[in-house]
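Quick mapping for you: the protein sequence lines, in order, are chains L and E.
Quick note on this note's numbering: the first sequence kicks off at 222 and runs consecutively.
Quick note on this note's numbering: the second sequence kicks off at -7 and runs consecutively.
Take these hints with a grain of salt, some might be off.
As the list claims (entries may be wrong) - Which residues of chain L face chain E? A partial, calculated answer using Cβ under 10 Å:
| id | residue |
| --- | --- |
| 1 | 397 |
| 2 | 464 |
| 3 | 503 |
| 4 | 553 |
| 5 | 555 |
| 6 | 570 |
| 7 | 600 |
| 8 | 604 |
| 9 | 606 |
| 10 | 760 |
| 11 | 762 |
Hint data in this document are derived by calculation from the structure and do not stem from the laboratory.
Every residue, glycine too, gets a C-beta built ideally from N, C-alpha and C.
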Amino acid sequence: MFAAALFAAAPFAASPGSDDPNDPGVPEAWLTGTAGAAIPAGPAAVWTAVVTLHGADVSDQVVGEIAVEAEEGTARIAIFTLRPAAGTAIFLPGWVGRSVTIDIAAAAESGPLYPMRLFSGVVDSPQYDPAARTVEVRATDDLQGVLDALNRPALDSLIGGRWSPVVFAASASGWAYAQDRLSTVRGSLDLSPAGLPRLTPWIPAPSAPLTFGADQVIDGSLAVELADRQGLVNTVDIAFTYRFPRLKAEGHALTYSYVDMTGFAQYVIDGNWFLQRSQVEGAISAAGGTVVGAVTYTPMPSTAVAVGAGFWTPNPPVDATLCMGFAAVVAYDYAQTVQETHTVTVQCPAAVAATGVMRQSMSGALEGVYQDAEGWETKAKLYRADVESVQPQDLPTVVSGKTNGLDPTLTADTDRAAATVAIETLVDVAKARIWASHRRNTVSATVCLNPAIDLDKTVEIDVDGIHAIGKVQRLAHRMAPDSGEATTTFSLAICAVSGVGTTHPETTTAAAAAPAAGQTNLPSSPVVTFNNAAAADHNFTIEFPAVSSGERAAAAPTIASTFSAPLVEDVFTVTL
Amino acid sequence: MSKDLTAALDALTREAAGLTSRVDRSLPAAKGAPAIPARAGTGKPAATSGGGAIASPLTEPSYDARLWHPATTIYSSDGLFSATRTPLKQITMTDANGATVVLNFAAPP
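So here's chain L without its partners, still in its complex pose (with noise of 0.2 Å):
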């Protein structure tokens, strides 16, 4: 293996690159990982490290080790020390805030070659060192800061993945706004070394490109960190509340004759009293219910009708107010409330079967705001009797004999469509939640400063038996320029199951119907009573059935479904 300290001194070796010292491109053995930076290229014949501070190059300043660390979803940090010249006045508390950049490239008399970018920030905080007359400065990306200052619709279009206000904050912006929407993404965000925000998926790239093997890796170096069991995650249980009115018309279909021309001649002979329209028309109103259209009645004989020795003859003004018998369809209005209840199971079969059920739970909820909620069912009821001319915004059909449903209009903040979201935003939590418990195991090394390492990219290392490849996690240059040294120590974040690169589909997230508004029959039908005896007080009555308590008490449904979890297990093997 390599050992770091070899480098500060190395003659110059055969260019990887251009050996032209006007050429501009970093040689393509530092982008493929084949050689470092550290490894001098072309003409010249060490590394060397560009450092500016609000624009001025500052590298001959540097004394120490400069750092540059980043990990995936944080802001990369960069600390290095600088010695001004003496008698130099500076005003401390104005670098605060300036920007610096940090580069490695090759030396050469004429210059730095072929200047690869680490780092690109601005100084979070200078520390003076009076004893040593060094100011040594932390420096940091601003992730935070550069998120802050993108709109959402910057932010949807460089992470992708779900949001809801249902499930997170409504008010959430900025940083707050992307670690939600990341939280449902496969991949991590962080800011190039130029600055630049950017996600990679936590998905290897399908070849790596760059590779490492024993000869440059350095010595001790490699480590292997594998993740416990606690913190697997592969089975969430999500419960979501969705509850909402329902609206209901209920079709009592009426059907009603208490004589006809057969038994007429008898029904006068017995003095029984005739049946008056607006005794109908009264009970029905009476009793709650709103005619549909109009009531259809039998109307009285029009011409005289033989009775025993005699006759019964009409007398029309009456005989208009009477009837023999009617029908008509009567409605009636209410509300219902549904509180759907989804039960949905995110999980990872292999997983389970690998480690046993590590279980986690989730829930979200979300209450339908209906604006005409209140006296809608008055509304209904007036607009049906004609006696209001204006329609409530909604109002189910109603259907002969059902009891017919309909979801009404809600805000678009709570209606199915937001659950909707809302439940398949939980559900690419869950997903992204149990891919993350399973790329905690880790392969580190340490090799000659490599610039082309970077979070963004895919590494593979073949050493000592240890064969792994998988995205960079975390990284951490370091360059000495006093001793030489330059080296990037990184992690590879290894997504490790059941097998070697096994691939395990998911369930394409979309969340499952529930049950809709519709109809159903009317479980009986409403009773008529006329006292139409002559003796009797000649009332009539209507009653109508109760309405069920399925369709009137809160319904609970449980829409249960279950969703594959993806994961795509990284090469990892390890020879003994």
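Place chain E on chain L using the hints.
Same frame as chain L, but now just chain E:
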């Protein structure tokens, strides 16, 4: 102090990464809607007759219920003869429905 602060900020940034605004949520208990019992409505007959047309036959329940106009005397043209008459004023009948039918007669000239 500054170094400590920077370290603290760095630590906070690392902690904040991955933290989301998501919290587990549930709904308060729903207010139960009252049950809707059977609903009955009654239409009472209007004060006018529920019988409508007069159902034949008409039957006079009692002769004694008849009413008469005051008796008047009529004479022959030569004045030799005279007679007293009592015109019928009202007859109360009952039709086939049992409804009362009252017949009122005008007084003769």
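- Numbers of unmet hints, in rising order: Violated: hints 6, 7, 8, 9.
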